[in-house]
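Listed in order, the protein sequences are those of chains U and W.
For what it's worth, this note's numbering labels the leading residue of the first sequence as 1, then goes sequentially.
For what it's worth, this note's numbering labels the leading residue of the second sequence as 1, then goes sequentially.
Think of the hints as simulated: they come from the structure by calculation, not from any bench.
Possibly wrong hints are sitting among the right ones.
A pair holds if it fits inside one copy or across any two, identical chains being indistinguishable in the list.
[What the hints assert, rightly or not] Only pairs whose alpha carbons sit at most 35 Å apart, straight line, appear in this in silico DSBU-like list of lysine-lysine:
| no. | residue 1 | residue 2 |
| --- | --- | --- |
| 1 | Lys-108 | Lys-89 |
| 2 | Lys-35 | Lys-56 |
| 3 | Lys-89 | Lys-56 |
| 4 | Lys-62 | Lys-35 |
| 5 | Lys-89 | Lys-13 |
| 6 | Lys-118 | Lys-35 |
Protein chains: 2
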Amino acid sequence: MIDKKNIDLIFSKIDEYWSPHIVGELNGQYVKAAKFKGQFPMHHHENEDEMFLVVKGEIEIKFTEYTKPVREGEFIIIPKGVEHSPSSKEEAWVLLFEPAATLNTGNKQNEYTKQNLKTI
Amino acid sequence: MIDKKNIDLIFSKIDEYWSPHIVGELNGQYVKAAKFKGQFPMHHHENEDEMFLVVKGEIEIKFTEYTKPVREGEFIIIPKGVEHSPSSKEEAWVLLFEPAATLNTGNKQNEYTKQNLKTI
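For reference, chain U alone in the conformation it holds in the complex:
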């Protein structure tokens, strides 16, 4: 039987910030869920566009020349190659859409890098 997912239930299972969990897969893309709080390092993805859909709270995306707030019920698509640094003052819940191969820190390897993501 084909299963559905509930967004609130997904986020109730995530207890760490900046830790994307896989919550769906389609056409070689992953749907991921992550809780944001604080500032994430600037990075870009060489070959992957990335979508952030804010389902709770408010985030900011810092680009090299400006900053864009993205509020609950809004989404933004970051084209490949574009430097960006997401942040959130308070806890925010974000659904991500990106190719399965996408690394969360893009072209950087640092203490935020997550590999072998958990599936919820």
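Mind docking chain W on chain U? Use the hints.
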């Protein structure tokens, strides 16, 4: 400047049921928005998985052997090849994620078929 999209604003611009509008593009996939009301014909997509994210209201997906309700704040991924017929008793707002090439009626051509989708 990279633009964000507001889901409420998107749906305020859609005045027809079963008419997907393009609201984003990434990695060869489209994000589409559609208002559902009534019953949509049974069909399948030969090569494309399809995700329905319900942002308002409640829909049902009828498969050949069972029916699955998908409520506000839930999503479902229909694998390619699987026959399905979405419906909604009241107006529902749905975000769709699928390859750019996906036709709304899949393997069928009928009065519900939409081509040359508008972009919002």
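Going down the list of hints, with the structure as the test:
1. Lys-108 - Lys-89: within (23 Å within a copy, 48 Å between copies)
2. Lys-35 - Lys-56: Result: close both inside a copy and across copies, 9 Å intra and 22 Å inter.
3. Lys-89 - Lys-56: For Lys-89 and Lys-56, the Cα distance is within 35 Å both inside one copy (13 Å) and across copies (27 Å).
4. Lys-62 - Lys-35: both (17 Å within a copy, 33 Å between copies)
5. Lys-89 - Lys-13: Answer is both: 21 Å inside a copy and 32 Å across each meet the 35 Å cutoff.
6. Lys-118 - Lys-35: both (14 Å within a copy, 33 Å between copies)
The structure meets every hint from the earlier list without exception.
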